[in-house]
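*Asks:* So you can see what is in the structure, the chains are spelled out below.
2 protein chains.
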Amino acid sequence: MIQTSKEIWLPDNRTQPRLVIIGAGFAGIELAKKLKNAPVNVVLVDQNNFHQFPPLFYQVATSGLEPDAISFPVRKLFKGYRNFFFVMAEVQHIDSQQQQLITDGGYLSYDYLVIATGSVTNFYGLQEVATHAIGLKSLKEAIDLRSLILENLEKAAITADEQERHLLTNVAIVGGGPAGVEMAGALAEYKNYVLPKDYPYLCDATMAVYLIEAGERLLPAMSAAASAATLRDLRRMGVTVLLQTQVKSYDGKTVYLAGNRTLAAATLVWTAGVKGACPSGIKEEAYATARRIKVDQYSRVSGYRNIFAIGDVAGMISERYPFGHPMVAPVAIQQGHHLAANLQRLLAGEELKPFVYRDKGALATIGKKRAVADLGRWHFKGFFAWIIWSTVHLLSIIGFRNKIVVGINWLISYLTYDKANRLIIRRYRNANTK
Amino acid sequence: MIQTSKEIWLPDNRTQPRLVIIGAGFAGIELAKKLKNAPVNVVLVDQNNFHQFPPLFYQVATSGLEPDAISFPVRKLFKGYRNFFFVMAEVQHIDSQQQQLITDGGYLSYDYLVIATGSVTNFYGLQEVATHAIGLKSLKEAIDLRSLILENLEKAAITADEQERHLLTNVAIVGGGPAGVEMAGALAEYKNYVLPKDYPYLCDATMAVYLIEAGERLLPAMSAAASAATLRDLRRMGVTVLLQTQVKSYDGKTVYLAGNRTLAAATLVWTAGVKGACPSGIKEEAYATARRIKVDQYSRVSGYRNIFAIGDVAGMISERYPFGHPMVAPVAIQQGHHLAANLQRLLAGEELKPFVYRDKGALATIGKKRAVADLGRWHFKGFFAWIIWSTVHLLSIIGFRNKIVVGINWLISYLTYDKANRLIIRRYRNANTK
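As you go down the protein sequences, you meet chains A and B in turn.
The first sequence begins at 901 in the working numbering and counts up one residue at a time.
The second sequence begins at 901 in the working numbering and counts up one residue at a time.
Note that the list lumps identical chains together, so a pair holds whenever it fits in one copy or between two copies.
Below 30 angstroms or equal to it, Euclidean Cα-Cα: the simulated DSBU-like pairs (lysine-lysine) are:
hint	residue 1	residue 2
1	Lys933	Lys1097
2	Lys976	Lys1303
3	Lys1040	Lys976
4	Lys1097	Lys1040
5	Lys1055	Lys979
6	Lys1153	Lys906
7	Lys1175	Lys1194
8	Lys1055	Lys933
9	Lys1269	Lys979
10	Lys934	Lys1055
11	Lys1303	Lys1040
12	Lys906	Lys1055
13	Lys936	Lys979
14	Lys1303	Lys1097
15	Lys1303	Lys1269
16	Lys1040	Lys1055
17	Lys906	Lys1097
18	Lys979	Lys1097
19	Lys1268	Lys979
20	Lys1268	Lys1055
21	Lys1303	Lys1268
22	Lys976	Lys1097
23	Lys1268	Lys1040
24	Lys1055	Lys1097
25	Lys933	Lys979
26	Lys1303	Lys933
Hints are computed from structural coordinates only; laboratory data are not their basis.
Please work from the sequences and hints to get the whole structure.
*Replies:* In structure tokens, the structure reads:
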């Protein structure tokens, strides 16, 4: 499978150094954009031909939006950049000795390498959960999740067995962070507004939505006021929130909780943890907790001269963040931005400047007209926070067409309480759900 | 796999006869809609949970539209119908003795059965072509086609071998009917307007678009004037049209034509033929040419009392159509409409009326501001025909949201010459293209 024999051909001018960025996420895109016209050839490598917007994956999973509304083609994003080159390939190995990447499309040499590969779901070694649960860290997972939920509803609609009907319609979400909270809220809205219309014969009692959090409160990274408002809103919307509850195992049908409790649910969404997603080749000593790569204040990977890491995969420790910076979009964007400036300083022989994160606050939405926002000393909840949330997200989505499509979908949903077309384009086949 | 042991449960009232319709295409949907409040329980069975709009599959394949824009959820379509029930399942066998369908979700009994299963690609026994080519008869095929074309372009962009680059970018389309013509036109537009921007380093000479037709002219079902205009327009747009040319074989790289000619193309789109798509169980004597099921003027399947067939799968012969009615949407819709009235007559003990097709004409688009229309004695081409084409299609797409999304996409494409987000959501994996 690994075509080490073939070099990836690029029409770049090798009189300039070649900077290869792995990953077209927030960090990689920001870095490449800010290097426009810099004296360096930028090669961006990603397994997908598009940039995606993870904050809205949960809306794809719950039929609120289609994948294309929150994705943008990389090549279009860099239209007219003379020093930019894109390679659609999966990086399998980093050979820092040869200064080469091994990919499924051939090998690629670099002068400078930036690892911006983001993060993947962390199941913390729970093998059975990993087999049967679905994460929410990629468009593919979001689509799989939607298919599975809808397929299970279709199966429930044609079974006479009431117990099976409950099992098939119930959804358990593990993890009380923003992803889990937003997923639970969107599913509760689906249950309250769409289910009764689409499945009039599935009685209201079906489809329990469970939100399971191991800690003491939801949204632990936000203010206590935001946590309390979120808990109250989700419960009002019909979500069963279980705090201080640990998931031990899951077999595709039964969720095993600590203390010998169980829940029946044919769908388990796992948002309880993430870890760095780096291809092999970086030496083991360079890894910090949660498989993040240790970097200094200049994003340089520990023990390497010409390899950098930014975004979720980078474990940058500072006085304010002794366990690493938060794995969120603003950190990734700011690190990409900052590294672009530092790389230009490096190429010019100037002194590098250390990275300082400017935390502008945190937002989470629970549902229509319901959100929480911590902006510095200011805390908002309810309608105003929801307007802030909607505005910030709409402005952050790349592309004019995408903004319009997302805006129209949100407007129609707002007016009709309906969701977008809930299509199962490809069935989710899993030996355990058959 | 076949769960014959389990009956599909439905909350219908069995004091009324149960009519089962297989297929949520134009014919099945129209029939079910027209039976609203009729003294019969209507059960619609389809393997997908949505109705789709095949006339625009080629736009999905060429990144003009996303699948959701031309699909509509079946359950939403029949919201509020008291005598309507939906089953998402694949029908594997019709057991006319037991009056049961065998599906992958269990068995389902019927009093009346309507087969509205449409048609699938007909490769006329060319096994190697069937293995390597892709048809354009389902959303899945349209998405596969898009993925394959874009993946091949991405591969071409990183290869130094000029011959391989040509092979990877070339696309051959077989069949000069509306599907082939519209696909060729849309690909030519992609090549002319999007390719130079997305792949500035793939020289203009790359990506040949071939349209191969065995007969003497394109659009053989339309007027000679329409054929001539289409041929001229496609050639002007850069499509290589090969008439009176038969495809003999295809190995994933080389298209073998009659007369020992060959073409290099890593993508082959096959629109050269269709055949009826009926589950097993109907006796062989009931099949006509192209695997269509023989029906009388009342859509009743030859040799059966309570089984009907409508749309593409039905081979209804009349004086005007000695080889069966055309396999197009208007026939399907009119047959669905007509059968609904006849079934109500049947249930009331009245006499049935024979079906008469009202041909309103034919339309095909070649590209922006280019189309042909035969409407009775009137023939249009160019801008006016294109306006008719756009209006008819926009009005025919089900759903307010869909009309808006398609309209906006068309408007933006019209203004910018750009396509929608050309995403490869899932790579098209085929052993022969690796």
